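Number of protein chains: 2
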Amino acid sequence: MDSYTHNSILENGHGHVLQVEKVLRMTSGVGENSYSHNSALQKIVISKVRPVLEGTVRALYIKENFPRYFSVADLGCSSGPNTLIVTYEMIDAIVGLCRETGHSPPELTVFLNDLPSNDFNTDFKLLPDFYAMLKKEKGNDVGPCFIAGMPGSFYGRLFPSQSLDFVHSSYSVHWLSKAYLEQFQNDFSLLLRSRADEIKLGGQMILTFIGRSIKDPTSRDCCLVWELLAKCLLDMAAEGLIEEADIDTFNLPYYNPFIEEVKTIVEKEGSFVINRLETFEVNLDANDNDENKNYVFDKFTCGQNVSHCIRAISESLLADHFGETIIDDLFERYAKRIGEHLSMEKTKNFNIVISMARK
Amino acid sequence: MDSYTHNSILENGHGHVLQVEKVLRMTSGVGENSYSHNSALQKIVISKVRPVLEGTVRALYIKENFPRYFSVADLGCSSGPNTLIVTYEMIDAIVGLCRETGHSPPELTVFLNDLPSNDFNTDFKLLPDFYAMLKKEKGNDVGPCFIAGMPGSFYGRLFPSQSLDFVHSSYSVHWLSKAYLEQFQNDFSLLLRSRADEIKLGGQMILTFIGRSIKDPTSRDCCLVWELLAKCLLDMAAEGLIEEADIDTFNLPYYNPFIEEVKTIVEKEGSFVINRLETFEVNLDANDNDENKNYVFDKFTCGQNVSHCIRAISESLLADHFGETIIDDLFERYAKRIGEHLSMEKTKNFNIVISMARK
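These protein sequences, in sequence, are chains L and V. The numbering of the first sequence is our numbering, which starts it at 59 and goes up by one. The numbering of the second sequence is our numbering, which starts it at 59 and goes up by one.
Since the hints were derived computationally from the structure, they do not count as laboratory data. Don't take every hint at face value.
Because identical chains cannot be distinguished in the list, a pair is counted as satisfied if it fits within a single copy or across any two copies.
[To be verified] Capping the alpha-carbon separation at 30 Å, the derived lysine-lysine pairs in BS3-like fashion look like this:
| # | residue 1 | residue 2 |
| --- | --- | --- |
| 1 | K236 | K196 |
| 2 | K273 | K106 |
| 3 | K193 | K236 |
| 4 | K183 | K101 |
| 5 | K258 | K193 |
| 6 | K258 | K121 |
| 7 | K236 | K194 |
| 8 | K236 | K417 |
| 9 | K121 | K183 |
In this text the structure is predicted, and so the values were computed from the model without any measurement.
Can you make the complete structure from the sequences, with help from the hints?
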């Protein structure tokens with residue numbers, strides 16, 4: 059079992075070709091196990107990137123000389139409260155700038171993108187209250203704002219040519235289109251090439267995703283959460299609850315690149331110039347953050363929190379492969395394991411944020 | 059009870075202000091009672107309007123001199139197979155024209171619009187197969203096609219200024235934003251004014267909706283389906299299953315205009331010139347149509363079909379007002395009543411189709 063490293067469910071490339079686009083989705087709805095309810099980690103990440111987002115959007119809007127129309131896209135928006143946090147931040151940056159400089163605000167279109175299986179309904183139902191909140195908070199400082207859903211894979215064209223000013227994506231690009239070796243390089247290049255067609259000259263893109271801090275791709279550092287999940291699956295196989303052969307054929311379409319890999323792919327693809335390429339860490343237990351001064355570690359709670367978070371992002375893939383019946387049991391085991399681990403060692407997610415401009 | 063005409067649940071204007079935008083939606087999903095499963099009548103209507111749609115789109119695309127980018131919106135798209143039928147027809151018209159004339163096809167954006175409570179998820183899940191079908195059927199004759207969802211009320215702004223070439227809406231404009239007297243005039247004017255901002259000069263709009271064939275607004279001709287529903291509600295009140303007071307306060311936000319009313323509002327608003335203004339009828343029992351040569355009337359089946367259709371469009375409003383528990387019973391009664399009625403008298407829906415250009 060020791061040989062069962064993260065590779066077994068990550069990029070071994072020997073499994074069946076998972077139809078990722080049909081299966082991968084964050085858990086729908088607003089219930090206890092939903093992504094919407096278990097995305098505190100993603101929220102922390104968004105807050106860390108906020109200064110980069112705000113600075114980039116403001117600089118871009120000035121560079122474009124306060125255009126009357128501004129079009130942005132959020133790739134892999136998922137569903138739930140975080141989606142509209144990013145939208146709010148982009149609107150807030152522009153409204154603030156226009157107010158400071160005495161310009162009237164632009165008409166703003168925001169495209170929320172995710173795979174067609176994403177729970178867009180949950181996002182759309184939040185819109186009436188979101189628009190009302192904007193109007194109440196900003197009054198006439200905010201111009202007409204049109205929020206649309208654009209379903210499809212960002213590993214391919216999504217928007218008309220040269221139609222976007224700004225593209226954003228948080229915690230999505232580490233998900234691949236397939237679980238093959240070298241898939242990240244292909245996928246990331248395709249993402250860049252597709253956006254290169256869609257983003258206006260000089261337009262900007264910011265991507266945030268989970269990376270590796272160590273060059274060696276078999277490094278344990280980024281993949282602990284999946285390694286522990288693989289161990290739980292193996293325990294269940296040993297107890298006869300699932301087939302070990304099913305574990306062999308399960309591949310998670312997920313990759314954490316090293317920062318130099320990202321840089322190399324962007325330079326090789328050639329459509330974008332990198333403005334900023336930075337890394338930052340957040341605690342795997344999202345409650346353990348700078349805002350939460352009274353945080354006290356508790357093995358059970360922490361295990362449950364992380365387990366819920368990982369369940370919300372991986373349940374669709376696991377249920378498709380192993381069947382829905384094992385899911386509750388699997389994540390109970392997982393909560394215990396991850397709680398145990400974190401009681402011994404604080405673990406962080408290593409993140410990469412890249413800001414680049416269309417040449 | 060005889061005094062309980064259709065007016066009681068249509069435009070009496072004395073009830074509470076229904077929050078239509080939050081409540082009105084065609085029944086979600088793909089189940090037995092879903093709109094998706096019970097929209098045969100709407101499909102027949104779309105097929106009747108197809109020649110107008112095709113002719114208008116082709117003429118517009120020629121007039122705009124075969125632009126490289128073409129943007130269309132379908133207002134009140136609802137969910138289910140009909141949504142993509144209209145999208146297909148628009149694409150088909152342009153692809154056919156480009157093929158005939160040797161032009162390469164444009165990049166095409168289609169915005170599917172409905173209220174935020176609409177079941178967009180069901181529509182979006184159909185997209186991968188729809189794109190695959192397009193590619194298979196048309197090959198390189200079809201250009202990049204981007205289908206987005208734009209949630210919001212069409213009684214207000216939905217899109218950036220002068221961003222649309224063509225707007226379509228089928229069987230939606232008879233739904234009002236509120237159930238007040240003279241609401242149709244206000245709503246329809248607001249729809250025109252909003253689209254006037256969004257449609258490029260010379261751009262086109264086609265609206266199809268249920269109208270009245272007789273000038274008198276209290277005429278029974280258009281409102282039989284609601285009159286019979288009101289009778290079923292009264293029966294249930296007499297049996298103590300619902301409160302009669304609840305019937306008094308229930309208003310259906312629905313209006314069937316007379317053709318001259320439509321013409322007057324368009325001319326008064328002033329942004330559009332009417333190209334075509336026509337009427338046509340379809341049988342209330344959608345199975346009784348020109349395509350279905352072997353149609354034999356059967357009271358039970360016909361009653362069930364019409365009841366399912368009316369349930370799919372009105373269930374959300376009725377359940378919000380009377381509670382979900384009465385719905386099954388109500389529509390069983392309704393099926394019997396409508397079957398009885400149609401066994402005595404063939405009943406048709408009277409439809410108006412208007413094609414107009416942005417001045």
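Hint check:
{"no.": "1", "hint": "K236 x K196", "verdict": "between (43 Å within a copy, 27 Å between copies)"}
{"no.": "2", "hint": "K273 x K106", "verdict": "within (24 Å within a copy, 63 Å between copies)"}
{"no.": "3", "hint": "K193 x K236", "verdict": "between (42 Å within a copy, 22 Å between copies)"}
{"no.": "4", "hint": "K183 x K101", "verdict": "both (20 Å within a copy, 27 Å between copies)"}
{"no.": "5", "hint": "K258 x K193", "verdict": "both (29 Å within a copy, 27 Å between copies)"}
{"no.": "6", "hint": "K258 x K121", "verdict": "both (13 Å within a copy, 27 Å between copies)"}
{"no.": "7", "hint": "K236 x K194", "verdict": "between (44 Å within a copy, 23 Å between copies)"}
{"no.": "8", "hint": "K236 x K417", "verdict": "within (29 Å within a copy, 50 Å between copies)"}
{"no.": "9", "hint": "K121 x K183", "verdict": "neither (35 Å within a copy, 39 Å between copies)"}
Checked against the numbered hints above, the structure breaks only hint 9 and satisfies the rest.
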